[in-house]
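Position chain B relative to chain A; hints supplied.
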Amino acid sequence: MAERVQLFATCLGDLIFPDAVADAEALLRGAGFEVEIPRRQVCCGQPAFNSGHHAAARRVARTFVRAFTRDAPIVCPSGSCTTMASHYLPELVGCEPFDVWELSAFLDARGAAPPPLNEGRVVSYHDSCHMLRELRISEAPRRLLEHSGAIVRPLERPDLCCGFGGTFSVRQPELSVAMADDKLGSAGAVEALVSADPGCLMHLNGRRERTGAGPPLVHLATALARGIDA
Amino acid sequence: MTELRQPPGRFRDTAREALGRGHTQEALAAATARLRDGRVAAWEGLDDVEALRERAHEIRMRTIDDLDRYLAEFTQNVERLGGRVFHAVTAEEARGYVVDVCRRRGARIVAKSKSMASEEIGLNEALEAAGVRPVETDLGEYILQLAGEHPVHIIAPAIEKTALEVSELLSSVEGRPVPVELEALTQAARGQLREVFQTADVGVTGANFGVVETGSICLVTNEGNGRLVSALPPVHIAIIGMERLVPTLADLAPLLKLLARSATGQKLSTYTTLITGPRREGEEDGPDELHVVILDNGRTNLRRGRYKEMLACIRCGACLNVCPVYRRGGGGAYGPVYSGPMGAVLAPLLVGLEHAKALPHASSLCGACTEACPVKIPLHELLLDLRRDLVAEGVASPFERLAFTLWSIAWSSPLGYRLSTRVARLGQPFGGLIGPGRAWAAGRALPKLRPRFRDRR
Numbered sequence: 001m002a003e004r005v006q007l008f009a010t011c012l013g014d015l016i017f018p019d020a021v022a023d024a025e026a027l028l029r030g031a032g033f034e035v036e037i038p039r040r041q042v043c044c045g046q047p048a049f050n051s052g053h054h055a056a057a058r059r060v061a062r063t064f065v066r067a068f069t070r071d072a073p074i075v076c077p078s079g080s081c082t083t084m085a086s087h088y089l090p091e092l093v094g095c096e097p098f099d100v101w102e103l104s105a106f107l108d109a110r111g112a113a114p115p116p117l118n119e120g121r122v123v124s125y126h127d128s129c130h131m132l133r134e135l136r137i138s139e140a141p142r143r144l145l146e147h148s149g150a151i152v153r154p155l156e157r158p159d160l161c162c163g164f165g166g167t168f169s170v171r172q173p174e175l176s177v178a179m180a181d182d183k184l185g186s187a188g189a190v191e192a193l194v195s196a197d198p199g200c201l202m203h204l205n206g207r208r209e210r211t212g213a214g215p216p217l218v219h220l221a222t223a224l225a226r227g228i229d230a
Numbered sequence: 231m232t233e234l235r236q237p238p239g240r241f242r243d244t245a246r247e248a249l250g251r252g253h254t255q256e257a258l259a260a261a262t263a264r265l266r267d268g269r270v271a272a273w274e275g276l277d278d279v280e281a282l283r284e285r286a287h288e289i290r291m292r293t294i295d296d297l298d299r300y301l302a303e304f305t306q307n308v309e310r311l312g313g314r315v316f317h318a319v320t321a322e323e324a325r326g327y328v329v330d331v332c333r334r335r336g337a338r339i340v341a342k343s344k345s346m347a348s349e350e351i352g353l354n355e356a357l358e359a360a361g362v363r364p365v366e367t368d369l370g371e372y373i374l375q376l377a378g379e380h381p382v383h384i385i386a387p388a389i390e391k392t393a394l395e396v397s398e399l400l401s402s403v404e405g406r407p408v409p410v411e412l413e414a415l416t417q418a419a420r421g422q423l424r425e426v427f428q429t430a431d432v433g434v435t436g437a438n439f440g441v442v443e444t445g446s447i448c449l450v451t452n453e454g455n456g457r458l459v460s461a462l463p464p465v466h467i468a469i470i471g472m473e474r475l476v477p478t479l480a481d482l483a484p485l486l487k488l489l490a491r492s493a494t495g496q497k498l499s500t501y502t503t504l505i506t507g508p509r510r511e512g513e514e515d516g517p518d519e520l521h522v523v524i525l526d527n528g529r530t531n532l533r534r535g536r537y538k539e540m541l542a543c544i545r546c547g548a549c550l551n552v553c554p555v556y557r558r559g560g561g562g563a564y565g566p567v568y569s570g571p572m573g574a575v576l577a578p579l580l581v582g583l584e585h586a587k588a589l590p591h592a593s594s595l596c597g598a599c600t601e602a603c604p605v606k607i608p609l610h611e612l613l614l615d616l617r618r619d620l621v622a623e624g625v626a627s628p629f630e631r632l633a634f635t636l637w638s639i640a641w642s643s644p645l646g647y648r649l650s651t652r653v654a655r656l657g658q659p660f661g662g663l664i665g666p667g668r669a670w671a672a673g674r675a676l677p678k679l680r681p682r683f684r685d686r687r
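These protein sequence lines are chains A and B, in that order.
Position 110, counted from 1, in the first sequence is what our numbering calls 110; the numbers after and before it change by one each time, with no gaps.
Position in the second sequence counted from 1, then plus 230, gives you our numbering.
Extracted from the complex, chain A is given alone in its bound form:
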């Protein structure tokens, strides 16, 4: 019988990037997993948590505790929400930890081989800060992209944050946008800038729509499931 995984869509995934979540689901199924999508899931509470509103964050984070179980891995197409759910949520609500995985790390660890949909396409990968520094995942998404045939061109300063930062994006909008310009500008002439975090993608995409500068932004799940042109 196929191993069961629980898919955590996240609020941004559910509301803004539903296609990327569907792609994540397809990738997991393609890799032979039985995918369950717990119906009562809402959000991990991170927006409030990162602003210091712990009571509010706890209220929302409890929906996660009620929706998910500990008897199967939880897979999430967002590095940031994975960080919240794995590193901070248990202490916040006072519960046992969950087995939460970021999508690309999970696929990579289980030896998934994405189809060759990006043969010869030149892309760059944007590390989300939570994924890079809290989860320490930087190789897995690149390896999967390369496995799909893409040529992954390094960004000049992969260490620089794109400027989203949750509520930072609206508390310091001028700086946030300037940082987005740095990121988009550094991507140069690649065919897509791929990232595994809906927050970064929403922010960078919003800036690109406004200025027209920079490559198209694609969620990693989409790039792997349907190719960067999807």
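Be a bit skeptical, because a hint or two may be false.
Cβ pair distances, simulated, as ranges [to be verified]: (1) B:R292 with A:G30: 35 to 43 Å; (2) A:A213 with B:T392: 25 to 33 Å; (3) A:E139 with B:R510: 58 to 66 Å.
So these bits of chain A aren't anywhere near chain B, every CB distance computed over 12 Å [claimed, not checked]: (4) A31; (5) D127; (6) A230.
Derived by calculation from the structure, the hints in this document are not laboratory data.
Every residue gets a Cβ at the ideal spot worked out from N, C-alpha and C, and that includes glycine.
Positioned in the frame of chain A, the structure of chain B alone reads:
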């Protein structure tokens, strides 16, 4: 103690001004990248940088955990050597002491080497008010003093100044145009400062470390001005933050190893000076009087609990150089003294959150600072903790609190989530008109709410 306080809108307004100055942006990007690359290369040259960072962290925390004892021993040892020690609880007490020494000595000119502690207590303004002329002798600080400005980087204070601006400032002192060339500029400043070293009545320095076992002041500079300032004038006053002690010379070594590498990428700064007491009988050089001002100025607030880790800071500036927010917003935004991630953590702790409430949010929490900190201060986690304190202490705005409370009630159940997103869909066309949506939409297209993933199923 008003020096570190900042009004709420200051960070955003000052950063916005910096974003609008092309030459400031160029200077910031180039200088931070150069300093960062230097650190990264220097760290790579170490056998086991992680072990060294662990050791440095352990030394710093061991000292802070037993600070009262070390302060007493350090004081005793400095006094045994003939130095005088003054424990200043407030900035006012610290500058009062320095001004008193200057008055007693009839001082007219005070030569200063770079000291963030002296910036913190507003020493120059106090000296000027007392009729004493303070002269900064660190090149960067000197340039800023001529410009009437404050440091915007704890290591490279004039990081945002261009060569042309420096030339204009030095030319005004020379009374002739100084060419915009590195050597000519340095020569001009050198000439102007040489006289100050020779005529100063009092020398004021900071201190990178105070060595407890020997009662020594450790100064690290690249221009040698620290040596001149501490050795030529008849009086030397060193101002040291109370947490900047190291128990032994053996403990000092790993910290120096990390300090220079993390600050400028050097293996060792050009001048590392250990000053142990004033001039002794039979010695030719050194001051007759050595005063050590040990500064609290709010540091005691940090000594217990979570934030004591911030006292481990050795002021290397590595966190500034990797910070994408500092890189764009510049140092001025953080306030007149400390800047970058370390400033965003330290300033609110020293003066109270209500006087620096924008600073815990002056970060995207990317964590680059924590990764770069040689003494392993979890800077971005401390910022997160400060944000919680902003809410817990009632400093965060009531509007923000209400918004998060309502949001969390709506999203505490799947039904509430579903209903609230329906309402949000109706409100979507107006999302860019008010509040956070407006801030977002000023520079970015608003994201479109799509048919929900879970509704498709």
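Tested hints:
1. B:R292 with A:G30: 35 to 43 Å: Distance hint for B:R292, A:G30 is violated at roughly 54 Å.
2. A:A213 with B:T392: 25 to 33 Å: Holds - the Cβ-Cβ distance for A:A213 and B:T392, about 27 Å, lies within 25 to 33 Å.
3. A:E139 with B:R510: 58 to 66 Å: For B:R510 against A:E139, whose Cβ atoms are near 60 Å apart, the range 58 to 66 Å holds.
4. A31: Answer for A:A31: holds, closest chain B Cβ roughly 19 Å.
5. D127: With a cut-off of 12 Å, A:D127 comes too close to chain B, as the shortest Cβ separation is near 10 Å.
6. A230: Correct as stated: the minimum Cβ-Cβ distance to chain B is 15 Å, above 12 Å.
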